[in-house]
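*Asks:* For reference, the chains in residue letters:
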Amino acid sequence: MVKVRIRLKQRKPNRSLSGDITNIVILIFFGLFFALPLIYAVSNAFKPLDEIFLFPPRFFVRNPSLENFQDLFILMQQSWVPFSRYILNTVFITVVGTVGHVVVASMAAYVLAKHKFPGRSLFFSIVVASLMFSYHVTAIPSYLIMSFLKWIDTYYAIIIPQLAYSLGLFLMKQFMEQIPDSLLEAARIDGASEFRVFWQIAMPTVKPAWLTLVIFVFQNLWNTTGGTYIYSEELKTLPFALQQILAGGIARAGVAAAVALLMMTVPITLFIITQNNIIQTMTTSGIKE
Amino acid sequence: MAAVIIPNTKIPIKTRISYAWAEVKRNKVSYMFLAPYALIFTVFTVIPVLVSMGLSFTYFNILEPPKWIGFQNYINLLLDDEVFLIALKNTFLFAAITGPIGYFAALFFAWMINELPPKIRAIMVVIFYAPTISGQAYIIWNTLFSGDAYGYINSMLIRLGIIYEPIQWLTDPAYMRTAAIIVVLWMSLGTGFLSFIAGLQSIDNTLYESGYVDGIQNRWQELWYITLPSMKPQLLFGAVMSITSSFAIHEILVPLVGFPSTDYAAHTVVSHLVDYGNIRFEMGTASAIATLLFIAMVGTNRIVQRLLRKVGN
Chain A
335 MVKVRIRLKQ
345 RKPNRSLSGD
355 ITNIVILIFF
365 GLFFALPLIY
375 AVSNAFKPLD
385 EIFLFPPRFF
395 VRNPSLENFQ
405 DLFILMQQSW
415 VPFSRYILNT
425 VFITVVGTVG
435 HVVVASMAAY
445 VLAKHKFPGR
455 SLFFSIVVAS
465 LMFSYHVTAI
475 PSYLIMSFLK
485 WIDTYYAIII
495 PQLAYSLGLF
505 LMKQFMEQIP
515 DSLLEAARID
525 GASEFRVFWQ
535 IAMPTVKPAW
545 LTLVIFVFQN
555 LWNTTGGTYI
565 YSEELKTLPF
575 ALQQILAGGI
585 ARAGVAAAVA
595 LLMMTVPITL
605 FIITQNNIIQ
615 TMTTSGIKE
Chain B
269 MAAVIIPNTK
279 IPIKTRISYA
289 WAEVKRNKVS
299 YMFLAPYALI
309 FTVFTVIPVL
319 VSMGLSFTYF
329 NILEPPKWIG
339 FQNYINLLLD
349 DEVFLIALKN
359 TFLFAAITGP
369 IGYFAALFFA
379 WMINELPPKI
389 RAIMVVIFYA
399 PTISGQAYII
409 WNTLFSGDAY
419 GYINSMLIRL
429 GIIYEPIQWL
439 TDPAYMRTAA
449 IIVVLWMSLG
459 TGFLSFIAGL
469 QSIDNTLYES
479 GYVDGIQNRW
489 QELWYITLPS
499 MKPQLLFGAV
509 MSITSSFAIH
519 EILVPLVGFP
529 STDYAAHTVV
539 SHLVDYGNIR
549 FEMGTASAIA
559 TLLFIAMVGT
569 NRIVQRLLRK
579 VGN
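From first to last, the protein sequence lines stand for chains A and B.
If you number the first sequence the way our numbering does, the last residue is 623 and the count never jumps.
If you number the second sequence the way our numbering does, the last residue is 581 and the count never jumps.
None of these hints come from the bench; they were simulated from the model.
There may be inaccurate statements among the hints.
As the list claims (entries may be wrong) - In silico lysine-lysine, DSSO-like type, Cα no more than 27 Å apart, as pairs:
hint, chain 1, residue 1, chain 2, residue 2
1, B, K282, B, K296
2, A, K450, B, K387
3, B, K335, A, K450
4, B, K357, A, K450
5, A, K448, B, K282
6, B, K296, A, K448
7, A, K448, B, K578
8, B, K500, B, K578
9, A, K450, B, K296
10, B, K282, B, K293
11, A, K448, B, K293
12, A, K450, B, K293
To be verified - With the Cβ distance kept under 7 Å, some of the chain A side facing chain B (calculated, not the full set):
hint, residue
13, L372
14, A375
15, F403
16, F407
17, L409
18, M441
19, A447
20, H449
21, F467
22, P475
23, P601
C-beta: ideal position from N, C-alpha, C; glycine also.
Please construct the entire structure, taking both the sequences and the accompanying hints into account.
*Replies:* Okay, here's the thing in structure tokens:
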């Protein structure tokens, strides 16, 4: 595969300079507007307690301190179950759920987009329609099903439904449709099994799609409290444990700011890594027809 | 089109089953790929949704077994419940404003960001997605919109001499919806935006190169004749996502304008649903609301899909 380097300094032939400048000005203006919560979250986490309750409130921190983080670590050590256990639980749920979902949803999306068989368009419409039903009212039937399966207080209750998250199938199917049939046909003629065609041809072609999906599922699972289904203390997740710490209320406002920042850093780091990867996929052309 | 009805009775049922079975066997591989997803999806999504739709025809308070009451829940909602009608009006208002604006903003920003050099592009994507990924951070809007003279927006407007006394942005029914719409729009560059970014990255560069040769003169022509038609699947995906989120606004409103909001001025259908389901424990009514909302969304989706088919023509 030949790496195609895009020359940055040479503008595309049909772009005007004034248009490029307008573009950058607009993006900087709105960028500041959208970056607000990040700046605020970082600034807040380093505010000592008296600054958090300062009236009138201030956006930026004046005397940054690590007080909030120290308090948080002291509280973590007082936890009944070792805190590392909560972290491990959340990491386990997140990794297994994310990988599992991407594989299960992509397999289904692949045949829905690229095979012709009876029932496929009906199935796909049901999946899309299911996105439009409020989850608030399905909570009770779902709980009954879990209890019928004896999955209460196990991770099955959290991970398994996540594997068939409707959004993932929809997203993957939309991207799989764009794969040229000739690419898949060529691999089949070479004698590749259908699974190999899916795994070694289709999946690498839609890398931007599943990298995006990883972010969505990761974010969901990372913030899962598991509150409804998990009762055993040693099975509880990190967000749940942190919620318990924050139940201390207003006195823990500083710790809450530190927690908010720490919880954010993991998805954001992953997000930066995947975005970089998505953009690299584009510059290595050759897989496309 | 003349409908030709072939009487089914002529084909023995055994033959029909064996035909169907042969068809399944022929597509064995396809069904095997679909099976894990289909099984989990059926058990944990289809069944709960069907059960809820069934419950919408009952009186169900969670403690006692559901009692069949026919269409009574629907009749009560549409004819007797004034708050529901307010909620319906607000939901359509929110959806009609935040849906299209959010969708086009997501598309527009994704497209503009895509023009930037790769390194900067990755950073800009992170910044524009930040409101979605930073969890509860939208409560900073409470500080901005705070009703006293120290709230950022009030203090700025007073200093500029535009207003003389602070405005109760989040409790005055006259301003509440506007404030809510601004925050919702700010949060709305989520799922659709990222799929547009990924879609733009998937477009074959040679299409653009042949576009230059064919005389595409500016970025707008390129957008309409090459970029948008090449990312139709993502446009459809983004549209469904905007519909589902703009019709289901509720969570974001609670810390902002309270629940319920003053005079129900920002009460939405989902707020009403949560009120019935989680506070009054009237699951039958809550399910009826969910079903009505579902019908509204499916209908809107149909119209939008039809419009999107016209892109690039």
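*Asks:* Hint by hint, note whether the structure agrees.
*Replies:* So, going through the hints one by one against the coordinates:
1. B/K282 - B/K296: holds, 21 Å
2. A/K450 - B/K387: Outside the cut-off at roughly 41 Å; violated.
3. B/K335 - A/K450: Answer violated: B/K335 to A/K450 is near 44 Å, above 27 Å.
4. B/K357 - A/K450: violated, 43 Å
5. A/K448 - B/K282: Not satisfied, since the Cα-Cα distance of roughly 31 Å exceeds 27 Å.
6. B/K296 - A/K448: Status holds; Cα separation ~14 Å.
7. A/K448 - B/K578: Judged against 27 Å, a Cα distance of about 24 Å means the pair holds.
8. B/K500 - B/K578: holds, 10 Å
9. A/K450 - B/K296: The hint holds at about 12 Å.
10. B/K282 - B/K293: Since the Cα atoms of B/K282 and B/K293 sit roughly 16 Å apart, the hinted pair holds (cutoff 27 Å).
11. A/K448 - B/K293: Measuring from Cα to Cα gives roughly 18 Å; hence the hint holds.
12. A/K450 - B/K293: holds, 13 Å
13. L372: holds, 5 Å
14. A375: The hint holds - A/A375 has a Cβ within 7 Å of chain B, the shortest such distance being about 5 Å.
15. F403: violated, 18 Å
16. F407: violated, 21 Å
17. L409: With Cβ-Cβ at 19 Å, over 7 Å, it is violated.
18. M441: holds, 5 Å
19. A447: This hint is violated: A/A447 lies away from chain B, its Cβ roughly 9 Å from the closest one there, beyond 7 Å.
20. H449: With a closest approach of 4 Å, the A/H449 hint holds.
21. F467: holds, 5 Å
22. P475: Holds, because the Cβ-Cβ distance from A/P475 to chain B comes to roughly 4 Å (cut-off 7 Å).
23. P601: Constraint on A/P601 satisfied, holds at 6 Å.
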